[in-house]
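Engineer: Whenever a hint applies, use it, and build me the whole structure from the sequences.
Protein chains in written order, with our numbering: chain A, 2 to 159; chain B, 95 to 257.
Everything hinted at is true.
Reference excerpt, derived from the structure (chain A facing chain B, CB under 10 Å, subset only):
id, residue
1, L132
2, L133
3, P134
4, W137
5, P141
6, Y146
7, V148
8, V157
9, P158
I should point out that these hints are in silico values taken from the structure, not numbers from a laboratory. Yeah, the Cβ is synthetic: ideal placement off N, Cα and C, and Gly gets one too.
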Amino acid sequence: MTFQEISESLQKKFGEAVLLVKADAAVDPFIVVAPQSICDIALFLRDDKAMQIDSLSCLSGVDRKGTLEVVYHLASMTLKHKLVLKVSVPTDRPEVPSIESVWKTANWHEREAYDLFGVMFTGHPDLRRILLPYDWEGYPLRKDYEVPEFYNGMRVPY
Amino acid sequence: MGLLDKQFEKSNVLVTSLDSLLNWARLSSLYQMQFGLACCAIEMMAASASNFDMMRFGVIPRATPRQVDVMIVSGTVTLKMASRIKRLYDQMPEPRYVLSMGSCSNCGGPYWEHGYHVLKGVDRVIPVDVYIPGCPPRPEALIEGLMKLQEKVRNESMAKKHA
Ligand code: SF4
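Structural biologist: See below:
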């Protein structure tokens, strides 16, 4: 399916939940959807006969200063089409439903996005830090992150 | 200061010849802790492999800190790893030596400014005997660092405690 066909069928099925369809983006065309319906949309994309999006290639976080964005790069191995979905949440309440139940790949990817950006994936079975130590404070890839002076008695700055 | 130290404070024939025997034994069998941290570890592995063959100097990798003499810190020391390195160092029997290999473990390397997770120099947690510059140092450089360490061991004496 082409991007246009996918976006039209998503708009037909989910209406209001599809916030923005950007077909002329600089790199990949993408669709912005409402965070609360990301789970339903993901399930539909996976199970619909015409979509069959069976793999989550990548899940990333982006800090847009004030809002946090989660970007889902999806692909169908069977039908050979790709799709980019985005959701955006306010930084002071960064809650996005977890899609771990739809694609298992999301488990560690969401933990990483939580670790580095502090996106809270609600419904995730095991939302712990994955790269940084468990006692780390703050989310280092946020734009307003301040490097700590000390960590466990070790000086951090050069 | 123990009695023995006082007794042999001034080197005599016995002390110096025992010294050179012990030092020779030590410097020709510097067992190495078998671990690597980042890209530098690849060069360390190359140095251990047949082309450069560090084993001809008696550097044999051991998988436990209890059996090693030298710790080659080869690569980026993250803050998460630093406490582990400290613990491993504490588990090594004395006399123990540390080779800091590469810019990362010397001073933070390419992560010196924005590496929020990198310890800027392994010497912030454990004492270092020889620093090897490079990113990564070639195996030759590592072997030269090893020669420097051997030189240090060769000049040690049990009469005056090593640093
Ligand atoms: S010094 Fe360079 S080669 Fe060595 S671990 Fe650091 S970045 Fe990698």
